[in-house]
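There are 2 protein chains.
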Amino acid sequence: MKTATICTIGDEILIGQIVDTNSSHIARTLQSLGIRVLYHLSIADDRDEILGRLSEALDRSDIVIATGGLGPTRDDITKDCLRILSGSEGFRDSEEQYRINCEILAARGIGMMATNRAQSQVPDRCEVLPNHLGTAPGMVFRGLGRNGSSVLYSLPGVPFEALGLLGSVMGDIRAHFDLDSITHRTIVTFGIPESVLAERIRDWEDALPQGVHLAYLPNATVGVRLRLTEMGGGANIDRLAEELKALLGDAVYGEGDDDLPTAIGRLLLARGKTMSAAESCTGGRISALMTAIPGCSAYYYGSVTSYDNSVKVNVLGVREQTLREHGAVSEECIREMAEGVLRRLGTDYSVATSGIAGPSGGTSEKPVGMAWIAAARRNGDGSVTVNTRRVQFRSNRATNIERFASNALNLLRLTILEG
Amino acid sequence: MKTATICTIGDEILIGQIVDTNSSHIARTLQSLGIRVLYHLSIADDRDEILGRLSEALDRSDIVIATGGLGPTRDDITKDCLRILSGSEGFRDSEEQYRINCEILAARGIGMMATNRAQSQVPDRCEVLPNHLGTAPGMVFRGLGRNGSSVLYSLPGVPFEALGLLGSVMGDIRAHFDLDSITHRTIVTFGIPESVLAERIRDWEDALPQGVHLAYLPNATVGVRLRLTEMGGGANIDRLAEELKALLGDAVYGEGDDDLPTAIGRLLLARGKTMSAAESCTGGRISALMTAIPGCSAYYYGSVTSYDNSVKVNVLGVREQTLREHGAVSEECIREMAEGVLRRLGTDYSVATSGIAGPSGGTSEKPVGMAWIAAARRNGDGSVTVNTRRVQFRSNRATNIERFASNALNLLRLTILEG
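Top line first, the protein sequences correspond to chains D and H.
As numbered in our numbering, residues 71 to 489 make up the first sequence, in order.
As numbered in our numbering, residues 71 to 489 make up the second sequence, in order.
Chain D extracted, bound-state conformation (with noise of 0.2 Å):
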């Protein structure tokens, strides 16, 4: 099996100042073309540490992926160091990246200077990777490491640019790398916890046959993720797939990287149907989930956040007796919320929360962390059904925000599925 190694340069990760997500979405690449991931790095803009860490990754790995420390505004350090390592003589210009890059800063305005000319060039040992998305060239070191062997990849950190790169990156590897033969399902489910999944599928998992992998992968966001994993021929796989759907029956809604907004969306255009959306405690998360995906607006229609009691009367048309007597957290208040949306928007299907998320607001009756939820249904002869459910979270203000939109999104895509 291929190994790899995940390398960072620049202090703005070491310092804290930026997550690192390109080591995330590498890690993931690679990991689905079966190639196995050793260590993750992130190092300083620093020669000595530069040249040692990458050294030492090149001698321990077939392939090392390093993101950083290239860009307008950077000392050459980096760039220098990838000389050395590639035992390049000095600097030769990339052509392709000149031509690209005259036509990015014509784009931006702004003419072609001193500093941005280094950006084409490239120790004269790789082969350049074309970066159409900014100045700095993906880079390919080969014949590196203890082996002889190895094979550094170069990209600029910004992410959009590293994950545009990523692309010719894997070709490269599929085309110079002999890869183990692995295939991967991952069936996604919302809506029963690990460990009960765990408790459901314990038989057909004890009888999984050699070389079948299971990974239980747990997101708030995403609900439990099921990754199976097969080497070699992958004759199973698909097999193992469609008997873990059929043992998780609704719970499973997608494959790969969907989500609930990407199951949502499918559903509702495989209907011609539409929806919309009633915030309180979640405050514009759920739409901003549902318009994260393009093509939205063929289905989505729109929300009120009525964070406001006043604007849940005003505008969605909650009446101010039910506010009185239940408070807005309220199986009641979440009905009228439902159904006003849907009727106000005009749309098929609506989505509704109100709760507590904290760190204050809740009461012994009401606590932090506990929300009403409703999905509802314009059925044919006008009349609008609403489901409810009552969910309670214990968990910081972000992810009990994460945790009621999730949830809600879970209850429109059932709600859906019956109608």
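Everything labelled a hint here was simulated from the structure, so no lab data went into it.
A few of these clues could be false.
All copies of an identical chain are treated as equivalent in the list; a pair is satisfied when it fits inside any one copy or across any two copies.
As the list claims (entries may be wrong) - Below, computed lysine to aspartate or glutamate pairings styled on DMTMM-like, alpha-carbon distance capped at 25 Å:
1) K436 to E82
2) K149 to E159
3) K315 to E82
4) K436 to E126
5) K72 to E82
6) K343 to D115
7) K72 to D115
8) K149 to E488
9) K315 to D163
10) K436 to E166
11) K149 to E312
12) K72 to D116
13) K343 to E390
14) K72 to D129
15) K149 to E173
16) K72 to D118
17) K315 to D132
18) K436 to E173
19) K343 to D248
20) K343 to E119
21) K343 to D320
22) K72 to D146
23) K315 to D115
24) K72 to E165
With the hints as your guide, set chain H onto chain D.
Here is chain H on its own, set in the frame of chain D:
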């Protein structure tokens, strides 16, 4: 200067299933104490890796903070490695953590099982930092490394819990290490691009005294943070921070961890005013940003995400004629959206966005990444003043949305200041 290494233990980060946010938080905190972070490492749940990498880190740095590898569904590999590294003979029970764990499990309605019982067991040569948010205690191991003076902190991997223990860790570091005196002041700005900022303060920056360092920390959501750091007694830093603020005027909106929602909240609270939002292309992101701040219900009434044009007309009161003649992405439409939501939700201020986040939907006249943003103010005489701006970005959907949202919030901030 004391040094530190940050290490995560656990396959989920290695295979890219989750993004490592703990290391970033820990690094920022260490940085604020004047401790130099040498590198970050993410390793597998593997005995040789854990022993080897933690030993190496303890030889190279004064402080090692390791997160993960603990918890009820884990093998006990990590805890046993900690036993070996610390020279412990065996394990002992932490009575304090045991008591906490009984309460935690009771609150979840779960009985104490054997797997949970083992959670409060720790290597005998360690000090416990009680974890009140989860069942795995924090642990401190002293007298390690080549010099016999390094300290290893082991924390649970769940971010909520690791961050909850950070205060205790920092208190322990302050109590046991002789730290350099270091003072930070971070000035937070929005509206001036980094390169223009640098040009504007060039002379002032060139004249900074010895021992004072300025770092530029740009961020799509927050703007550009300018962090001043002074070693020693911090004799100059307050004066320098005031000089910097004077040089940058209205672009400065806060200090430290302030962001635009925090600053806007402060301005509104001080004036006893309220706000609302009408979002199209930002899809709920502005609302989610505003409602992330605890206590925002005092000034944030809510929003309308008018993703479909019918919602712009029916809920916000945008005129059909406006949409026909100018389209949704126009100055005319954004004015009506901003005024519409301000009047409909009955607030003193509002913010609005309408644009094309991408990747599709652009034209040569209205390309992807373009948006109209607006901020409105209700005047004493009942009239409404609307400030509008056209913005153009060139990134992916998520980043365009982020920039639309932060620029709109900054326009709102400036509109409140001029009021």
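Structure-based check of all given hints:
no., hint, result
1, K436 to E82, "neither (42 Å within a copy, 35 Å between copies)"
2, K149 to E159, "within (13 Å within a copy, 48 Å between copies)"
3, K315 to E82, "between (43 Å within a copy, 23 Å between copies)"
4, K436 to E126, "neither (56 Å within a copy, 50 Å between copies)"
5, K72 to E82, "between (30 Å within a copy, 19 Å between copies)"
6, K343 to D115, "neither (53 Å within a copy, 46 Å between copies)"
7, K72 to D115, "between (28 Å within a copy, 19 Å between copies)"
8, K149 to E488, "neither (58 Å within a copy, 48 Å between copies)"
9, K315 to D163, "neither (53 Å within a copy, 42 Å between copies)"
10, K436 to E166, "neither (62 Å within a copy, 29 Å between copies)"
11, K149 to E312, "neither (49 Å within a copy, 38 Å between copies)"
12, K72 to D116, "between (29 Å within a copy, 18 Å between copies)"
13, K343 to E390, "between (31 Å within a copy, 24 Å between copies)"
14, K72 to D129, "within (13 Å within a copy, 30 Å between copies)"
15, K149 to E173, "within (23 Å within a copy, 55 Å between copies)"
16, K72 to D118, "between (27 Å within a copy, 19 Å between copies)"
17, K315 to D132, "neither (36 Å within a copy, 50 Å between copies)"
18, K436 to E173, "between (58 Å within a copy, 20 Å between copies)"
19, K343 to D248, "neither (47 Å within a copy, 65 Å between copies)"
20, K343 to E119, "neither (56 Å within a copy, 53 Å between copies)"
21, K343 to D320, "within (20 Å within a copy, 47 Å between copies)"
22, K72 to D146, "neither (31 Å within a copy, 28 Å between copies)"
23, K315 to D115, "neither (48 Å within a copy, 29 Å between copies)"
24, K72 to E165, "neither (33 Å within a copy, 46 Å between copies)"
Checked against the numbered hints above, the structure violates hints 1, 4, 6, 8, 9, 10, 11, 17, 19, 20, 22, 23 and 24; every other hint is satisfied.
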